[in-house]
Amino acid sequence: MKLGVCYYPEHWPETWWADDARRMGEMGLSHVRIGEFAWSRIEPEPGRLEWDWLDRALEVLGDAGLKVILGTPTATPPKWLVDSMPEMIALDAGGHPRGFGSRRHYCFSHAGYAGECDRIVTQLAERYGQHPAIVAWQTDNEYGCHDTAVSYSLAARDGFREWLRRKHGTIAALNQAWGNVFWSMEYRDFAEIELPNLTVTQANPAHELDFRRFSSHQVAEFNRRQVAILRRHSPGRDVVHNFMGFFTQFDHHAVGDDLDVVSWDSYPLGFLEQFWFSPEEKRRYQRQGHPDIAAFHHDLYRGCQREGRWWVMEQQPGPVNWARYNPAPLPGMVRLWTLEAMAHGAELVSYFRWRQAPFAQEQMHAGLLRPDSVDDQGAHEARTVAAEIAALPDPGPPPRRVALVFDYTAAWVTDILPQGQGFSALRVAFEYYSLLRRLGLDIDIVRPGTDIAGYALVVVPCQPICSADFVASLTGLSAPVVFGARAGSKTADFAIPAELPPGPLQSLLPLKVVRVESLRGQPCEWLEQVETGLDEAGPGIFRHGQLYYVSRYPIDPQIEQVIASVAANAGLDCIALPEGLRLRRTGNLVFAFNYGTESVDLPPGALGKFVLGEPRLPPAGVAVGVAR
Amino acid sequence: MKLGVCYYPEHWPETWWADDARRMGEMGLSHVRIGEFAWSRIEPEPGRLEWDWLDRALEVLGDAGLKVILGTPTATPPKWLVDSMPEMIALDAGGHPRGFGSRRHYCFSHAGYAGECDRIVTQLAERYGQHPAIVAWQTDNEYGCHDTAVSYSLAARDGFREWLRRKHGTIAALNQAWGNVFWSMEYRDFAEIELPNLTVTQANPAHELDFRRFSSHQVAEFNRRQVAILRRHSPGRDVVHNFMGFFTQFDHHAVGDDLDVVSWDSYPLGFLEQFWFSPEEKRRYQRQGHPDIAAFHHDLYRGCQREGRWWVMEQQPGPVNWARYNPAPLPGMVRLWTLEAMAHGAELVSYFRWRQAPFAQEQMHAGLLRPDSVDDQGAHEARTVAAEIAALPDPGPPPRRVALVFDYTAAWVTDILPQGQGFSALRVAFEYYSLLRRLGLDIDIVRPGTDIAGYALVVVPCQPICSADFVASLTGLSAPVVFGARAGSKTADFAIPAELPPGPLQSLLPLKVVRVESLRGQPCEWLEQVETGLDEAGPGIFRHGQLYYVSRYPIDPQIEQVIASVAANAGLDCIALPEGLRLRRTGNLVFAFNYGTESVDLPPGALGKFVLGEPRLPPAGVAVGVAR
Amino acid sequence: MKLGVCYYPEHWPETWWADDARRMGEMGLSHVRIGEFAWSRIEPEPGRLEWDWLDRALEVLGDAGLKVILGTPTATPPKWLVDSMPEMIALDAGGHPRGFGSRRHYCFSHAGYAGECDRIVTQLAERYGQHPAIVAWQTDNEYGCHDTAVSYSLAARDGFREWLRRKHGTIAALNQAWGNVFWSMEYRDFAEIELPNLTVTQANPAHELDFRRFSSHQVAEFNRRQVAILRRHSPGRDVVHNFMGFFTQFDHHAVGDDLDVVSWDSYPLGFLEQFWFSPEEKRRYQRQGHPDIAAFHHDLYRGCQREGRWWVMEQQPGPVNWARYNPAPLPGMVRLWTLEAMAHGAELVSYFRWRQAPFAQEQMHAGLLRPDSVDDQGAHEARTVAAEIAALPDPGPPPRRVALVFDYTAAWVTDILPQGQGFSALRVAFEYYSLLRRLGLDIDIVRPGTDIAGYALVVVPCQPICSADFVASLTGLSAPVVFGARAGSKTADFAIPAELPPGPLQSLLPLKVVRVESLRGQPCEWLEQVETGLDEAGPGIFRHGQLYYVSRYPIDPQIEQVIASVAANAGLDCIALPEGLRLRRTGNLVFAFNYGTESVDLPPGALGKFVLGEPRLPPAGVAVGVAR
Ligand SMILES: [Zn+2]
Ligand SMILES: [Zn+2]
Ligand SMILES: [Zn+2]
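Here the protein sequences come in this chain order: A, B and C.
For the first sequence, my numbering assigns the number 629 to the last residue and increments by one with no breaks.
For the second sequence, my numbering assigns the number 629 to the last residue and increments by one with no breaks.
For the third sequence, my numbering assigns the number 629 to the last residue and increments by one with no breaks.
Source of the hints: derived by calculation from the structure; they are not laboratory data.
There could be a bad hint or two in this list.
Where chains are identical, the list cannot tell them apart; a pair therefore holds if satisfied intra-copy or between any two copies.
Stated by the list, open to error - Calculated pairs, EDC-like style, for lysine to aspartate or glutamate (alpha carbon to alpha carbon, straight line, at most 20 Å): (1) K610 - D395; (2) K168 - E348; (3) K513 - D376; (4) K513 - D373; (5) K513 - E500; (6) K3 - E195; (7) K68 - E348; (8) K3 - D64; (9) K513 - E532; (10) K168 - E193; (11) K68 - D239; (12) K283 - E432; (13) K610 - D119; (14) K3 - E389; (15) K168 - E599.
Computed from a predicted model, the values in this text were never measured in an experiment.
Build out the structure end to end from the sequences listed, making use of the hints.
This is how it looks when you write it as structure tokens:
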């Protein structure tokens with residue numbers, strides 16, 4: 002696995018560049034990402050392109066032996082461009098413009114802006130497509146960050162109407178699909194359809210779901226245009242985009258299908274603070290992050306690229322600036338996170354960023370270097386881990402043990418219609434994932450319809466819409482399959498299936514969900530009333546051969562126990578791991594990570610022969626063994 | 002009492018209608034409400050009226066012996082209508098449009114829309130006014146739902162100016178009435194007056210109160226136009242509207258005065274979750290609703306129709322979709338709620354809805370039938386209770402024992418100027434009501450000025466504005482009258498009375514409230530400093546003959562004890578009921594309802610001779626006795 | 002010290018004026034503030050000025066021997082004026098107008114409105130500038146109240162661009178100063194710059210800070226124009242403005258520099274409820290206010306006028322109307338607050354208001370009189386304290402013992418970039434102040450750069466931007482100086498200093514803050530990692546000679562102990578005061594105030610010879626001694 006760093010030559014005096022590049026190399030970094038926010042420096046005035054500085058930056062970095070990932074600068078169009086087409090600005094759900102002054106100030110549906118992006122990406126790719134230092138391109142930056150995947154602009158409205166026309170064909174078909182007879186919501190023409198915001202009460206969920214699909218489609222289209230240009234002008238280089246954590250506003254599988262490599266930006270401490278974790282978990286793991294946050298995303302994004310190629314494009318190197326509270330990682334965590342990415346199959350971990358910028362929005366975001374250029378804690382750990390990685394055996398291919406099914410549409414369905422406060426398909430998926438990880442298992446997160454032959458266990462945490470292909474993929478499996486609540490509860494048009502939930506899964510599982518209720522809790526409790534002749538494998542858990550249906554949520558010890566025994570019966574090696582300890586196998590290596598605040602003894606024999614670390618793991622400790 | 006159901010023939014294949022109608026009859030239902038959201042099916046294009054399907058639906062239902070309540074479709078104008086007059090859309094307090102895409106997307110003050118409503122209601126009434134199956138008309142649906150009674154549109158502004166001109170006559174009179182000299186808020190002309198939104202800090206409460214009165218007046222006017230058309234074209238049929246729970250945005254007495262029957266939509270579980278109840282109450286009663294929610298509204302709405310004629314137009318039959326959490330009713334609760342409506346004098350209970358719709362916004366709202374047409378729990382209970390009702394003796398007229406005074410202006414006053422967070426006249430009224438019900442008493446909720454001769458006890462929980470008529474109605478009563486805090490604290494123009502609170506009540510009660518304070522709490526604690534020579538009947542409770550003034554809030558055991566002894570001295574039969582148990586007498590019947598989660602023994606002798614149930618009531622149990 | 006009252010003759014029948022004036026005098030009041038909301042009465046139509054009533058009011062008040070403070074009415078322009086220039090309305094951060102209907106409905110940057118203010122102030126000053134009854138002028142009222150110091154109007158945008166041009170000179174300089182290279186935020190011209198609202202995510206903090214500075218500058222300019230007019234037409238009278246509590250939206254030092262007297266509006270109970278105090282403190286002190294709220298502002302605003310001249314322009318006399326909860330002051334608190342102002346050097350305490358207005362927004366705000374003109378509790382206490390003040394010896398000049406440094410830019414910096422939720426420079430300043438007061442110390446709150454020679458102790462709670470002047474003012478001091486966290490952490494352009502925090506303070510204190518972290522808490526915990534060779538005077542507290550750096554927050558017992566010992570070593574007389582007790586020395590008088598709910602014994606000898614009160618202080622009790 003390689004290490005890299007995100008670097009902004011335009012932020013620093015040119016006289017510093019060569020020394021920065023030299024220090025990167027000495028630290029063990031081989032890759033450097035640059036350029037993704039530099040449009041105002043590349044094109045300071047309309048049509049006046051300033052390549053010189055970038056030519057020189059690439060030269061300096063290349064001369065130092067660094068491999069460059071060059072970003073397209075489309076996440077930050079300059080002010081002159083925005084002023085030339087003010088309608089390119091996205092509108093929020095309240096109808097307010099989301100204007101210039103930070104970043105991502107554009108609507109994915111605006112044709113004029115798309116044209117400008119084509120132009121600048123083409124110009125960049127023409128100039129640097131064959132540059133020897135460049136090994137990869139990053140398209141834009143963090144699509145959707147700051148809730149920008151969705152826009153309620155006129156451009157989005159017009160695009161949505163056209164998308165609907167293509168999808169539904171006739172307005173009668175759309176009215177039928179959405180159930181618009183309800184509340185007289187029927188349209189006579191696609192031109193009558195509005196975006197599903199600014200309604201008196203909630204819009205039709207079918208309307209909302211199609212708008213989510215459309216918005217996701219626009220992101221994928223936007224990306225695809227850049228990919229096509231880059232492929233044309235820069236063949237042989239990887240095209241990559243950097244995804245985010247716990248983010249589902251577009252279909253990452255669809256975008257990933259157009260990429261050579263999927264990458265993501267890993268900020269375990271900020272994600273712990275900003276998401277659904279309990280106050281107690283936020284306290285306990287404040288300097289480590291929850292032990293499953295990074296791993297979950299590693300496994301999720303590995304599944305977003307057809308060949309499983311993935312990177313960490315931005316790795317948290319110290320405190321960040323954007324969470325409510327911003328602790329410093331426990332010493333050793335930067336090393337731990339790096340090795341954990343390796344254990345999950347990353348090709349590259351790139352730290353964000355080289356030197357802390359003393360100015361502007363992210364001035365409190367740590368880098369590997371302090372603002373005064375002294376090595377910060379992250380630099381020390383990067384240097385250490387670079388040496389360790391070099392010394393470790395090749396990790397080999399990831400195992401195929403447990404497949405956990407997740408897709409983005411599921412998240413949209415539960416966002417749109419949670420039915421009980423706090424119900425979120427993403428959260429459910431994470432919690433099932435975490436349960437499996439506490440048993441010491443290795444997981445692939447796969448999209449529905451993936452070929453899952455060879456897995457010992459399949460878990461489908463929350464899959465409201467089950468396509469015929471998905472049902473077919475599960476038919477005749479020998480491995481056990483565990484379905485969580487709400488499986489098959491909706492048709493593709495966001496309706497209850499005629500045969501009731503779990504809809505088409507009834508061909509596999511002879512049961513019918515005849516009523517659901519949600520009770521107070523954080524998240525809500527979810528209880529389904531099931532009609533079936535099947536036996537219960539536990540309270541509310543129905544079994545049909547190798548298929549299990551868990552009709553309740555949240556996951557409690559009884560559910561855990563059933564799943565543990567299903568896994569054990571499937572031949573998986575389950576270990577009840579101590580709090581904060583996690584294992585990960587890849588090839589014949591076994592990694593152990595201690596996210597806890599206390600030292601912990603590894604389960605005897607779990608790691609085989611130690612090639613890194615020792616059987617007693619300190620906090621933030623890592624050990625690696627070679628399986629016997 | 003009759004039973005009915007809400008039905009949407011336009012949601013189902015026409016081939017299903019006859020069987021649906023037959024099953025309704027077999028279930029014991031005699032009434033069916035239809036049509037209130039069907040505008041886009043009645044008039045799919047401007048001026049093209051499609052009556053055929055509705056003709057056939059009425060025929061099928063009528064042939065099955067069902068009595069039809071036909072709704073006017075004005076709560077859901079079709080898209081083409083909205084597009085023809087976009088200014089008909091209401092604006093929220095922030096100035097944002099509340100557009101098409103759900104329901105209730107209209108401003109009550111828009112003349113163009115009012116004209117369209119006149120037209121469609123006339124067309125409907127002309128066609129079906131004499132139809133033999135039709136026994137009643139419902140105007141629109143749930144006026145004000147989703148906060149729609151108030152709009153900040155230009156039409157509302159112009160209407161408000163005109164309404165003010167008619168009310169105040171001259172701008173000088175308005176300036177004087179509102180106290181506009183304060184902060185130089187004086188106007189020179191009615192045309193200078195804006196709506197009380199988008200102000201820098203709170204608007205003049207007198208301005209806000211007049212706007213609330215105006216907005217309420219617009220709702221009543223809107224309804225009155227429909228009533229007049231329906232009366233003209235369909236004489237002899239009842240005209241009814243369906244009100245909501247815990248909703249005070251317009252004066253329901255004023256609207257009720259134009260109706261033959263008042264009805265309301267009873268969703269006890271959703272109301273428990275969405276309103277002010279404590280987390281512990283929300284847990285304890287999650288599957289039953291708080292034991293006083295349904296009864297409070299029954300007694301409130303019975304008082305909103307001059308002759309006391311009232312229905313439940315929509316009765317919750319299972320889990321709903323619109324609360325934060327949506328539990329399923331305890332088995333038996335649908336039956337209990339139905340019998341409780343009977344105990345409070347309902348003529349009809351109509352379940353919402355026949356079959357759960359698998360599509361659109363309410364797809365998670367249960368019906369009597371499941372989406373697959375199988376009887377759901379509500380159907381079983383409806384069938385049972387239909388038979389029980391048929392077997393019960395006639396309930397006879399409601400008793401006149403305790404009168405609880407409430408009006409909508411009181412709610413507006415405390416909304417506008419709570420003075421302590423959480424103070425709400427509606428909540429205070431509910432809490433006094435609940436106190437009296439825990440003593441086993443029967444209550445009429447009456448508007449101020451109602452003839453209250455013959456009541457053994459009168460309670461006035463929170464009546465800030467006391468008119469001369471109201472004071473006169475209390476003068477010379479022999480029954481005790483209990484006033485809660487804030488009585489008589491405001492003039493009709495939202496000012497402190499010259500003689501200080503309780504203003505005109507000082508002619509009855511020699512005391513003066515010279516200072517109030519509100520302290521932290523949920524709701525706030527409210528303490529009044531009173532100047533009086535009267536004795537205290539308890540801490541802060543002053544007595545003058547048969548008149549009591551409770552200068553504190555919330556209700557605590559000391560207040561409860563005083564009121565219990567006042568009631569007992571007035572000859573009322575007070576019983577300290579166990580948790581969750583409630584009694585209700587009507588005619589010579591006595592009903593008992595167990596809202597608790599445990600079985601409970603009825604107080605010996607409380608029910609006389611049992612005609613339904615037994616002395617030990619299980620959860621959700623009902624017993625009925627004939628008083629000896 | 003003198004006493005006064007706020008009076009609104011326009012609210013009352015003219016026949017009441019003379020008696021009101023007589024009663025004021027009898028009560029011991031010598032001053033009366035009038036006129037600040039009377040524009041619609043002074044100029045009921047454009048250009049038609051109605052002076053008669055005001056002539057008569059001044060005559061009546063003057064005849065009764067009262068000294069008048071006349072307010073300019075610019076906080077409440079009449080409707081006709083707003084309608085003549087609708088663009089004068091401020092816009093909120095969401096772009097919504099903040100319109101007519103309450104008060105403060107204007108944008109500080111609107112040239113047209115500024116012209117109208119010039120005109121009306123000139124007309125007022127011409128007419129009454131030489132009036133014998135008038136001793137002072139109040140400009141406008143509570144600048145910034147209801148978040149009005151900042152506006153996002155077009156006028157503000159244009160003003161901001163011009164202000165930036167004057168400050169930065171060239172757009173290149175601005176781009177450099179703000180670090181606009183980050184995220185391609187570079188501008189080509191000042192005309193491209195927008196206000197920092199409606200951005201996708203947070204705007205550049207440098208952009209925000211300049212906008213805060215500009216907005217503050219506009220307030221100061223607005224005030225300065227009025228001051229100039231008043232000085233020209235009414236020489237010899239004091240010009241004053243009334244500031245608010247816990248309010249930092251503009252630089253009060255800058256505005257104070259243009260005033261003869263600074264005044265503030267003291268509402269201890271409302272401020273306790275509305276600000277950051279814990280629920281327990283809100284309960285304990287609900288009827289007294291936190292013991293340091295009033296004193297903090299007295300000491301803060303005394304420092305906002307170059308000669309230390311200050312008044313309380315509005316003193317809470319009973320319950321108010323504007324907090325979430327509005328308790329009544331404990332009997333005696335109005336007297337206590339009055340004497341406490343005296344102890345801190347006030348020249349005048351003026352109660353708000355004479356008689357409770359029974360109408361409009363503040364009808365629940367107590368006055369000295371009840372709405373029925375009877376003396377309320379405040380009147381009794383005012384009468385008592387007037388006599389006591391007359392009997393007390395002259396208080397003499399305030400001591401110079403402890404200087405606590407605070408400036409408004411610090412509050413803007415932490416508002417803009419708290420980095421940990423709840424971090425606020427104002428709150429930090431208050432908490433250090435409170436710590437010092439619990440030790441019985443006397444404090445001056447001074448702006449950075451003030452001459453602090455002669456103080457025994459200097460405390461700098463939170464000063465992110467340290468100018469060269471400020472650093473120079475601390476150089477060579479013999480007194481100990483204690484710096485709180487974040488000192489010197491930003492440059493004037495909102496960047497991290499090249500040498501890292503504490504930036505220029507490193508010339509005094511050899512330490513470097515190399516990392517900060519914020520942890521969950523309310524407020525956040527703040528921990529700095531420091532590189533230094535210095536010894537710790539306590540955990541995380543570094544000492545260099547007489548200079549101390551406290552690298553942690555919040556203040557805990559260890560920090561308190563260090564500061565107490567620093568103060569004691571500096572020769573200050575520290576006493577650990579019991580809960581709720583506070584002392585204040587001025588001249589040779591020593592005041593003691595009991596904010597607690599229990600009686601308390603004064604520390605023996607603390608007061609010298611008693612001239613008021615006794616050694617055992619009841620709740621709300623005050624004692625005064627003459628130091629021996
Ligand atoms: Zn808005
Ligand atoms: Zn981001
Ligand atoms: Zn509704």
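Okay, the hints, checked on the actual structure:
1. K610 - D395: For K610 and D395, the Cα distance is within 20 Å only inside one copy (15 Å; across copies 86 Å).
2. K168 - E348: neither (38 Å within a copy, 49 Å between copies)
3. K513 - D376: Between copies, since 14 Å is at most 20 Å while 61 Å is not.
4. K513 - D373: between (65 Å within a copy, 11 Å between copies)
5. K513 - E500: within (8 Å within a copy, 68 Å between copies)
6. K3 - E195: neither (48 Å within a copy, 43 Å between copies)
7. K68 - E348: within (14 Å within a copy, 72 Å between copies)
8. K3 - D64: within (18 Å within a copy, 79 Å between copies)
9. K513 - E532: within (5 Å within a copy, 66 Å between copies)
10. K168 - E193: Classified as within: same-chain Cα gap 16 Å, cross-chain 41 Å, threshold 20 Å.
11. K68 - D239: Classified as within: same-chain Cα gap 12 Å, cross-chain 71 Å, threshold 20 Å.
12. K283 - E432: This pair counts as within: shortest intra-copy Cα distance 16 Å, inter-copy 27 Å.
13. K610 - D119: Classified as neither: same-chain Cα gap 53 Å, cross-chain 86 Å, threshold 20 Å.
14. K3 - E389: Intra 12 Å, inter 78 Å, cutoff 20 Å: intra-copy only.
15. K168 - E599: Neither: 55 Å inside a copy, 55 Å across copies.
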